[in-house]
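Colleague: Taken in order, these protein sequences are the chains called A and B. Going by numbering that gives the first Met the number 0, the first residue of the first sequence is number 0, and it counts up by one from there. Going by numbering that gives the first Met the number 0, the first residue of the second sequence is number 0, and it counts up by one from there.
Among the clues, some could well be false.
What the hints assert, rightly or not - Derived, one-sided and incomplete: chain A residues facing chain B with beta-carbon distance under 7 Å:
| hint | residue |
| --- | --- |
| 1 | Lys13 |
| 2 | Gln16 |
| 3 | Ala74 |
| 4 | Gln88 |
Hints are computed from structural coordinates only; laboratory data are not their basis. What you are looking at is a predicted structure, and each value in this text was computed from that prediction instead of being measured. Idealized CB from N, CA, C, for every residue including glycine.
The chain contents come next:
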Amino acid sequence: MCVLIVDDSSVMRKIVQRSLRLAGLDIETVLEADNGEQALTIVQQNTVDLIFSDINMPKMDGLEFVRQLQSLEAAKGIPIVMITTEGSQSRVVEALSLGARGYIRKPFTPDQVKERIAPLLEA
Amino acid sequence: MSSNTDQEVNERGARLVLTVRTSDGAPRPKRSWTLPEGGWEELLRIAASEILEFMLGVQVGELPESASCNSTEMTAMVGLAGELSGVLSLRCPAAAAATLASKMLGTDIAPTDAYTRDALGEISNVIAGTLKAKVPGLDDACLLSTPTIVCGGDYHLFSISNSTSVSVALQFEGQPLWITLDLHR
Chain A
0 MCVLIVDDSS VMRKIVQRSL RLAGLDIETV LEADNGEQAL TIVQQNTVDL IFSDINMPKM
60 DGLEFVRQLQ SLEAAKGIPI VMITTEGSQS RVVEALSLGA RGYIRKPFTP DQVKERIAPL
120 LEA
Chain B
0 MSSNTDQEVN ERGARLVLTV RTSDGAPRPK RSWTLPEGGW EELLRIAASE ILEFMLGVQV
60 GELPESASCN STEMTAMVGL AGELSGVLSL RCPAAAAATL ASKMLGTDIA PTDAYTRDAL
120 GEISNVIAGT LKAKVPGLDD ACLLSTPTIV CGGDYHLFSI SNSTSVSVAL QFEGQPLWIT
180 LDLHR
């Protein structure tokens, strides 16, 4: 499985990666982007199975990233899980309405990550 | 559309009502939020302790009042904007920031490593998010900026006038942390 982690914080990208491994997920490749713009390029150049994206990022935020991702043929069917500090209901609702399949609020445990993505991977 | 804002503010357990006035002067109730019993200082202490214990897996305690804040070498700042505006800052020695990063990533990180700066910013961001999420009605009405990190000890932070400032001094594994919330009125 190839996972793309989009977050402007390199620490948070490593934490998500570590959580996925601690959760026992079979991950072959982890790709990283520090903003939505970079993530869009990565999606077009790689076969990605799952995306984790922060909402609050410079250059292109998570909401705009999800919006633009929907128009990419290469991104069809890739589940997107939003990572948010704020739990701001309206932004989460907006992300879900744009096509995100779930969200995780920081801080989180590996078990919480596993719990959130298990149904997405089964689907 | 021009607008101005009125706020009714009480310090403890108060109900704050924000009213937006439109260009024709008609008040339009926008949001209301409630500061929990205990006030900002207690809220900051709870949010910071919870997050540090959760993310670092360590016990967090109060720092003795005699501990000096002069040894700070790194500061992370997160802006709050919307119906609550201000800055949350976290200050600590570089060694404490490195310990914090090492705990978060589960591997040894040097004080000069970029991960150390990033970890300090990330933890302040999560503390700020948790703090506002603990204020009923505020979570959705206040946004956070991406964190800014200042390195070096030869500087002073000044709050702007007309602000409320609360600070908590905490320690984990003998390392000090000072967390301050400056709110603009």
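Colleague: Hints broken by the structure, by number, lowest first?
Modeller: 2 and 3
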